[in-house]
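Asker: Sequence:
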Amino acid sequence: MVGEYTRQEEIRREVKRHHAYLLETPRVEDSYRRHTNLLLKQRRWQRMETSAKEKRS
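Quick note: numbering that gives the first Met the number 0 has the sequence shown finishing at residue 56, numbered continuously throughout.
Among these hints, one or two may not hold up.
Derived DEER-like restraints, expressed as beta-carbon distance ranges [to be verified]:
#	residue 1	residue 2	range
1	Arg43	Tyr20	31 to 39 Å
2	Lys40	Arg16	31 to 39 Å
3	Glu9	Arg33	30 to 38 Å
None of these hints come from the bench; they were simulated from the model. Glycine residues also receive a C-beta, built at the ideal position from the N, C-alpha and C atoms.
Kindly produce the complete structure, drawing on both the sequences and the hints.
Answerer: In C-alpha coordinates, the structure reads:
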(Lines of atoms letter the chains of each structure in order from A; the text may use other names.)
(Lines give C-alpha, C1' and ligand atoms only; values in the text may rest on other atoms or scores of the structure.)
Protein backbone atom coordinates (compact mmCIF):
# COMPACT_ATOMS: atom_id res chain seq x y z
CA MET A 0 0.00 0.00 0.00
CA VAL A 1 2.71 2.47 1.01
CA GLY A 2 4.92 1.48 -1.93
CA GLU A 3 2.03 2.01 -4.34
CA TYR A 4 1.38 5.48 -2.92
CA THR A 5 5.01 6.55 -3.29
CA ARG A 6 5.02 5.18 -6.85
CA GLN A 7 1.99 7.32 -7.72
CA GLU A 8 3.68 10.36 -6.19
CA GLU A 9 6.77 9.59 -8.24
CA ILE A 10 4.68 9.38 -11.42
CA ARG A 11 2.92 12.63 -10.57
CA ARG A 12 6.25 14.37 -10.00
CA GLU A 13 7.59 12.99 -13.29
CA VAL A 14 4.53 14.24 -15.17
CA LYS A 15 4.90 17.70 -13.63
CA ARG A 16 8.56 17.79 -14.64
CA HIS A 17 7.65 16.74 -18.17
CA HIS A 18 4.96 19.42 -18.44
CA ALA A 19 7.42 22.06 -17.27
CA TYR A 20 9.87 20.82 -19.90
CA LEU A 21 7.20 21.01 -22.60
CA LEU A 22 6.26 24.55 -21.57
CA GLU A 23 9.90 25.68 -21.62
CA THR A 24 10.84 24.28 -25.01
CA PRO A 25 9.30 25.66 -28.21
CA ARG A 26 7.59 22.95 -30.17
CA VAL A 27 9.12 21.65 -33.35
CA GLU A 28 5.97 22.21 -35.42
CA ASP A 29 5.83 25.87 -34.36
CA SER A 30 9.39 26.61 -35.43
CA TYR A 31 8.83 24.63 -38.64
CA ARG A 32 5.69 26.63 -39.42
CA ARG A 33 7.51 29.88 -38.71
CA HIS A 34 10.32 28.81 -41.00
CA THR A 35 8.01 27.89 -43.88
CA ASN A 36 6.13 31.19 -43.46
CA LEU A 37 9.43 33.05 -43.73
CA LEU A 38 10.32 31.13 -46.87
CA LEU A 39 6.94 31.91 -48.42
CA LYS A 40 7.30 35.60 -47.60
CA GLN A 41 10.78 35.71 -49.10
CA ARG A 42 9.50 34.10 -52.29
CA ARG A 43 6.61 36.55 -52.45
CA TRP A 44 8.99 39.51 -52.07
CA GLN A 45 11.29 38.11 -54.76
CA ARG A 46 8.32 37.72 -57.09
CA MET A 47 7.20 41.29 -56.40
CA GLU A 48 10.71 42.60 -57.03
CA THR A 49 11.10 40.71 -60.30
CA SER A 50 7.69 41.87 -61.55
CA ALA A 51 8.57 45.47 -60.63
CA LYS A 52 11.84 45.17 -62.57
CA GLU A 53 9.98 43.78 -65.57
CA LYS A 54 7.50 46.64 -65.51
CA ARG A 55 10.33 49.19 -65.41
CA SER A 56 12.15 47.72 -68.40
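Asker: Confirm or reject each hint.
Answerer: The hints, checked one at a time:
1. Arg43 <-> Tyr20: 31 to 39 Å: At roughly 36 Å between Cβ atoms, Tyr20 and Arg43 fall inside 31 to 39 Å, so the hint holds.
2. Lys40 <-> Arg16: 31 to 39 Å: For Lys40 and Arg16 the Cβ distance comes to about 38 Å; the hint holds.
3. Glu9 <-> Arg33: 30 to 38 Å: 37 Å, holds
Consistency note: the structure conflicts with none of the earlier hints.
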